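Number of protein chains: 2
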Amino acid sequence: MPDRSDRGPLTYEGAGVSIDAQDRALAEVKRLAKVTFTPGVLSEIGSFGGLFTLEPENPSGTVLVASADGVGTKLKVAQMTGRHGTVGEDLVNHCVNDILVQGARPLFFLDYFVSGRLDPGVTVEVIAGVARGCAAAGCALLGGETAEMPGFYEPGEYDVAGFIVGGCRRDRLLRVDSVRTGDALVALPSAGLHTNGYSLARKVFFELLGLEVDDEVPALGCTVADALLAAHRSYLPAVGPLIDAGLVKSAAHITGGGIPDNLPRALPDGVGAEIELGSWDEPALFRLIREAGRVPEDDMRRTFNLGVGMILVVAEDATGVVLEKLGPHGPGWAIGRCVPGRGVRFVGEQRA
Amino acid sequence: MPDRSDRGPLTYEGAGVSIDAQDRALAEVKRLAKVTFTPGVLSEIGSFGGLFTLEPENPSGTVLVASADGVGTKLKVAQMTGRHGTVGEDLVNHCVNDILVQGARPLFFLDYFVSGRLDPGVTVEVIAGVARGCAAAGCALLGGETAEMPGFYEPGEYDVAGFIVGGCRRDRLLRVDSVRTGDALVALPSAGLHTNGYSLARKVFFELLGLEVDDEVPALGCTVADALLAAHRSYLPAVGPLIDAGLVKSAAHITGGGIPDNLPRALPDGVGAEIELGSWDEPALFRLIREAGRVPEDDMRRTFNLGVGMILVVAEDATGVVLEKLGPHGPGWAIGRCVPGRGVRFVGEQRA
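If you read the sequences in order, they're chains A and B.
Taken in order, the first sequence gives residues 1 to 352; the numbers are from our numbering.
Taken in order, the second sequence gives residues 353 to 704; the numbers are from our numbering.
Quick caveat, the hints were computed from the structure, so don't treat them as lab data.
Here the structure is a predicted model, which is why all the values come from computation and not from measurement.
Please note: incorrect hints may appear among the correct ones.
Stated by the list, open to error - Derived DEER-like restraints, expressed as beta-carbon distance ranges:
1) Arg175/A x Glu407/B: 47 to 55 Å
2) Cys222/A x Ser412/B: 53 to 61 Å
3) Gly630/B x Thr38/A: 54 to 62 Å
4) Glu28/A x Glu649/B: 40 to 48 Å
5) Asp215/A x Arg383/B: 51 to 59 Å
6) Leu209/A x Val387/B: 37 to 45 Å
7) Val387/B x Arg83/A: 35 to 43 Å
8) Glu409/B x Arg175/A: 41 to 49 Å
Claimed, not checked - Covered stretches of chain A (in silico footprint by chain B; criterion: 3 or more residues with CB under 8 Å from a CB of chain B, positions within the stretch not fixed):
9) 90 to 100
10) 271 to 277
11) 322 to 332
Ideal Cβ placement from N, Cα and C applies to all residues, glycine included.
Pulled out of the complex, with its shape left as it was, chain A reads as follows (with noise of 0.2 Å):
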């Protein structure tokens, strides 16, 4: 653990990630990638999933749409709690969004999980997730990983990754060139804080509140591990019926780096997005965290989905019907419209 003063605004730089660094990382990384690109290659590395065709010249193949995910440290919380039942769910669910986000649907997945010494009960627990995410999806669990490695991962640890391969015609893929300024922005709610940000939540709940996973949590109405278990959920049941009806341009899985980060990669040059902090009730799970650990505004907003788990682009007469569509599946709301320009602008005030 990082050596850290408990005084002062906690940011997410301060409890230990380095945002700027990865990014600088980052960018290496995406070169050294492009070099072995091939011509079944069809996006650059950035894309919520990466899109590989086995046949370049054909407009309307299929083209396979893959994403990498982890669950970062919510694993830190399972492994405190001693519940393990959710976090593949989550894994599962965090890829299936990224692809969907491209139009894609699930076609498999596998898993790597590993720990110092196999604990045959929670690696049954985690998988059991992962195939419960996976069923849920119409996603076959394929294959995977599952390896002991002694001396790195102390005793009731582990990690797990994931990988998902979906599938989608070419010429249904969502295009972030098919949005336009004055394009509609309609959220879908999250459930907590999915998969980010938790390095920051778990100082402000375990250090700076000095609350044990079970401890109930008045301004939440459940326990601390009840609120940050809470599973990534899936939009593939609300989303993937309004990508099929064409009335969905692009659209934004809210994660690590939160709205600012996430929305400008559904969006074309020259296009921004103002987003109306007024439109949604901002969960209490995010206002605590807030105030407890005194974050600054910005850092929440490029950590935190704040309530919003993924925004869609739509075309403004169709936000009625989506909005609509997407009832049955837990009310979305408008939340904002594409502006000239680049990059998120927030306007008006965040509903207490």
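Keeping the supplied structure of chain A fixed, place chain B upon it in accordance with the hints.
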């Protein structure tokens, strides 16, 4: 690190890896995965790579072959040495070989790289190795996840996993059921330990022999680091053309579990293998580990490749042409034959 006496013979279980516990949990994982299988799945978990097709009805359609792997505690040696350039190649080549033995050629690769706090230099060095391995295999590095998990990994430690997808025409897949009693087994030499047996090997070199990574080992003619960091060999250039020429019936990548656990995966029910111990000179590295660690022979065989990185099953009368074609890539040799029965029987005496 597990606490353990230095006296008595070293076994892989003693070094902290429980193969039986892993087997029990893996059987349950396999059952859980099967529930998720969709009509596109052509394999059961347990093959070297999972098989998926978008065209279940097409006997000559493209089959996707996918595999996930890690590097294991070979990473510890890289981290002790500060040489991070080869573990990426280890990772890619391991994956390339896993799908090659099904008949598939690499299409794309994704990596998962995780550390406590991202060291940009180390990250780039590792991923550069991944990119180099991908480029050599004609495989696109399509994406990946680079994660910081503060408090999970000690400073200087990282883990890396990889995920490959390859392709093969369904009617060109290597098929275990094409193997007959009397078929010949052709071995290809490994380059050191590849990525298996490092928990045990590290105990021998660093605890029993008390060596440092930069110490010269006269019996090996190189330093400990040079011996232990030799890159996992890719068999694609040597074996790919043999598969294209229809000369290979089936093949086994010799990884964790050694010849006894991996070769049977390339054989049908009712067919076993007889391995001639006198057919090759065991590399000095394995002899040194066996003797210094007083490792029982069965543990040696279930833990290490013993100089054999891949075994091809070929028609008996094709052995000559296969050996001739392998020549320019480093000679292979006839290591044994397929016999009635099951499992692997070692015959004769190992050459010193």
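Cross-check of the supplied hints:
no.: 1; hint: Arg175/A x Glu407/B: 47 to 55 Å; verdict: violated, 26 Å
no.: 2; hint: Cys222/A x Ser412/B: 53 to 61 Å; verdict: holds, 55 Å
no.: 3; hint: Gly630/B x Thr38/A: 54 to 62 Å; verdict: violated, 44 Å
no.: 4; hint: Glu28/A x Glu649/B: 40 to 48 Å; verdict: holds, 47 Å
no.: 5; hint: Asp215/A x Arg383/B: 51 to 59 Å; verdict: violated, 37 Å
no.: 6; hint: Leu209/A x Val387/B: 37 to 45 Å; verdict: holds, 40 Å
no.: 7; hint: Val387/B x Arg83/A: 35 to 43 Å; verdict: violated, 22 Å
no.: 8; hint: Glu409/B x Arg175/A: 41 to 49 Å; verdict: violated, 31 Å
no.: 9; hint: 90 to 100; verdict: violated (count 0)
no.: 10; hint: 271 to 277; verdict: violated (count 0)
no.: 11; hint: 322 to 332; verdict: violated (count 0)
Against the hints set out earlier in the document, violations occur for numbers 1, 3, 5, 7, 8, 9, 10 and 11.
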